[in-house]
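Assemble the whole structure, with the sequences as input and the hints as a guide.
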Amino acid sequence: IAEKYQGIRPAPGYPACPDHTEKRTMFELLDAEAQVGIQLTESFAMYPASSVSGWYFAHPDSKYFALGKIAKDQVEDYAVRKGMPLEEVEKWLSPVLNYD
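Here the numbering used here is used: position 5 in the sequence shown is 2, and no number is missing along the way.
Don't read these hints as lab results, they were simulated from the structure.
The reader is advised that the hints may include incorrect statements.
[Claimed, not checked] Derived DSS-like pairs (lysine-lysine); straight-line CA-CA distance at most 30 Å: (1) K79 x K66; (2) K88 x K60; (3) K66 x K88; (4) K69 x K79; (5) K79 x K60; (6) K60 x K1; (7) K69 x K88.
Here you go:
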């Protein structure tokens, strides 16, 4: 595939943005289901399965990065800012938690 795009395309659920629930935010902002017919499942998978989503940063100096392990105080703060119960945030971020 010949591509001249310069920048990055991080997506919810990947190392730079491990929180799958951010897909809901993106879909609400874009009215994605009504506009293009893409649906989110309860586990935030997209339907049809060939669908993709992400944030596009079109700058040649943009760089991918991976989010490291997250401490409990960070998760507690994030839960407050998202307005979600701590247990739900821990469920979605479980692969990157540095505690049990």
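Results of checking the hints against the structure:
1. K79 x K66: Holds. K79 to K66 sits at ~19 Å (cutoff 30 Å).
2. K88 x K60: holds, 28 Å
3. K66 x K88: Judged against 30 Å, a Cα distance of about 14 Å means the pair holds.
4. K69 x K79: holds, 15 Å
5. K79 x K60: holds, 25 Å
6. K60 x K1: OK: K60 and K1 at ~16 Å, within 30 Å.
7. K69 x K88: holds, 13 Å
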